[in-house]
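Chemist: Produce the complete structure using the sequences and hints provided.
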Amino acid sequence: MATSTMFSQLAGGMIVSIEIFVLTLLFSLPLGLLVALGRMSKIKVLSGAIKVYIAIMRGTPLMLQLIVVYFAPYYVFGIAISPSFRFTAVIIAFSINYAAYFAEIFRAGIQSIGQGQWEAAQILGYTKTQTFFKIILVQVIQRIIPPVTNETITLVKDTSLSFVLSVAEMFTIAKQIGAREASIMPLMAAGLFYFVFNYIVAFGMDFFEKKMSYFR
Amino acid sequence: MKKLAAVLLAGVMSLSLCACGDKTQVNVDAEVAPVEETSTTETQAADTTEATATERTKLIVGFDAEFPPYGYMDENGDYVGFDLDLAQEVCNRRGWELVKQPIDWDAKDMELSSGSIDCIWNGFTINGREDSYTFSVPYVDNSQVYVVKSGSEIKSEADLAGKVVGVQADSSALAALEDTEGKADVAATFADLVQFADYNTGFMNLESGAIDVLAMDIGVANYEIAARDGGYEILKDQLASEQYGIGFLKGNTELKDQVESTLLEMAADGTFTKIAEKYADFGLVESVCLEVPSAN
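Order-wise, the sequence lines are chains L and R. Taken in order, the first sequence gives residues 888 to 1103; the numbers are from the working numbering. Taken in order, the second sequence gives residues 169 to 464; the numbers are from the working numbering.
In short, the hints are calculated from the structure, not lab data. Among the clues, some could well be false.
Said to hold, decoys possible - A partial selection of chain L residues facing chain R, derived with a Cβ cut-off under 7 Å:
no.	residue
1	Thr-892
2	Gln-896
3	Tyr-961
4	Ala-967
5	Ile-968
6	Pro-970
7	Val-1051
8	Ala-1055
9	Gly-1065
10	Ala-1066
11	Ala-1069
12	Ile-1071
As the list claims (entries may be wrong) - Under the rule of at most 20 Å between Cα atoms (straight-line distance), these lysine to aspartate or glutamate pairs were calculated in the EDC-like manner:
no.	chain 1	residue 1	chain 2	residue 2
13	R	Lys-418	R	Glu-298
14	L	Lys-1044	R	Asp-272
15	R	Lys-446	L	Glu-1068
16	R	Lys-268	R	Glu-257
17	R	Lys-226	R	Glu-422
18	R	Lys-442	R	Glu-454
19	R	Lys-317	L	Glu-1068
20	R	Lys-442	R	Glu-459
If you're wondering where the values come from, they're calculated on a predicted model, not measured in any experiment. Note that beta-carbon positions come from the ideal geometry of N, C-alpha and C, so glycine has one too.
Modeler: In structure tokens form, the structure reads like this:
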């Protein structure tokens, strides 16, 4: 088979991987911020519940979480599953899993900002909400870019887990081409795809970090 | 600097918003259509409970897309194979739309019982699984064999003692090796029994010498050896012989009968053999065993 055919088929699978990647980031980043705020809440019930949520999300395999999200409606509630739910289930499972990791990164970032800034802002007449969004969050974003980049790159590679719900993303396509051609070349090519994509992600984040460094 | 960053941020955000908008729309469309379909089918089913058949509009076939020649992805990126061609012909004759759903083989039972797929049609071994699924009549006689590198010192089953043997997880070759009435005594002599997710990994292990023997279905073995331009041998001693059938959810005899009757019709008019001949290189013509109904 021509190498170009293989690459175009892998590129088709890469679109699915990128869809999972973009949608997961889109939902898990804001959700992660909410979770982080809940985790730091003074309301014991809320922060306790969030702690349990984070413990479960980080303590069980993402592959298991994917299976649970997709099959639970049927096995727990007896609702017939529509096949189009596959992709939705992948996005839900990835988003709630990554939100837990992002939440802890956000919490570390928020707590790293000195208490003095809150007090100074209060004296200057800022409300708590204003302080958070106008003063604290900008500094937090700048500080957490490196660990967020780590998670983001892991997410790119984790998209291959979605085949457990039969969503054929790029790595699945690579394995299928490999089975047909009886060759490991498609797997190597898949590695190249991941590498190039992650390089772009890291480059973008690096650029973003430089732009955000105006406090220094 | 600040302004630039703000503009950039706004740009990125609006971009991702646009992307999101498009995406959700596509998703919503895709989701709405099948839901409507199911609900209409359900209403129809409810209205015509006493009618002979439910108004089926499509057949979702679950298969392992890494199982040539029964089901795999061809060079154009389409899913093809002996089993999928048969399924397509059945659907054409019944006026159903065929949905080819590649699945994770380990998740096949969950897929089937939750209704995500209608059947497993993928060189699916009947023997040993009779109690777990409702099966069609067998249509392929299959056997499990041992594959070794050409020129290997292993010539017979007796030579396997002390060797490392590889097998696909949850495959019938593994079942045969674990069956106390089958080959469990032979398996007990192995140095190790290693399980693989797919045959490509298995062959990579065999080629690199990480394992000495690969136990697998003969049809796939023929395909793999042909695709790798030889270099491997199949031992004369076989693990077991068995038959392939189409697996339906236990108790779903209605759908089984529908598919089976069309399949037998295809056997009677020669279409079945014609499809098998497309895959003659992989020894399928010799292995098919579907009996023409008139012979019964």
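Chemist: Next, verify each hint and record whether it holds.
Modeler: Consistency of the hints with the structure:
Nearest Cβ of chain R to the Cβ of Thr-892/L: about 6 Å, under the 7 Å cut. The hint holds. Nearest Cβ of chain R to the Cβ of Gln-896/L: about 5 Å, under the 7 Å cut. The hint holds. Hint status for Tyr-961/L relative to chain R: holds, with the closest Cβ pair at about 4 Å, below 7 Å. Taken as an interface hint, Ala-967/L checks out: its beta carbon lies about 5 Å from the nearest beta carbon of chain R, inside 7 Å.
Contact between Ile-968/L and chain R, as hinted, is supported at the beta carbon level, the nearest pair being about 5 Å apart and thus within 7 Å. A cut of 7 Å between beta carbons decides the hint on Pro-970/L: the least distance to chain R is about 6 Å, and the hint holds. Restraint check, Val-1051/L versus chain R: the minimum CB separation of about 5 Å is within 7 Å; hint holds. The restraint placing Ala-1055/L at the interface with chain R holds, with a minimum CB-CB distance near 6 Å, inside the 7 Å limit.
With a least beta-carbon distance of about 5 Å to chain R, the hint placing Gly-1065/L at the interface is held under the 7 Å criterion. At its closest, the beta carbon of Ala-1066/L sits 4 Å from a beta carbon of chain R; the interface hint therefore holds under the 7 Å criterion. Evaluation of the Ala-1069/L hint against chain R yields a held restraint, the C-beta minimum of about 4 Å falling below 7 Å. At its closest, the beta carbon of Ile-1071/L sits 6 Å from a beta carbon of chain R; the interface hint therefore holds under the 7 Å criterion.
Simply put, Lys-418/R and Glu-298/R have alpha-carbon atoms about 9 Å apart, close enough for the 20 Å limit, and the pair holds. Restraint check for Lys-1044/L and Asp-272/R: the C-alpha separation of about 18 Å stays at or below 20 Å, so the hint holds. Under the criterion of a C-alpha separation no larger than 20 Å, the hint pairing Lys-446/R with Glu-1068/L is consistent with the structure, at around 18 Å. Taking the CA atoms of Lys-268/R and Glu-257/R, the gap is about 13 Å. The hint holds against a cut of 20 Å.
Taking the CA atoms of Lys-226/R and Glu-422/R, the gap is near 15 Å; set against the 20 Å cutoff, the hint holds. For the hint linking Lys-442/R to Glu-454/R, the alpha-carbon distance of about 13 Å falls within 20 Å, and the restraint holds. Restraint check for Lys-317/R and Glu-1068/L: satisfied, since their Cα atoms lie roughly 19 Å apart, inside the 20 Å limit. Our distance criterion of 20 Å between C-alpha atoms is met by Lys-442/R and Glu-459/R, whose separation comes to about 15 Å.
Checked against the numbered hints given earlier, the structure satisfies every one of them.
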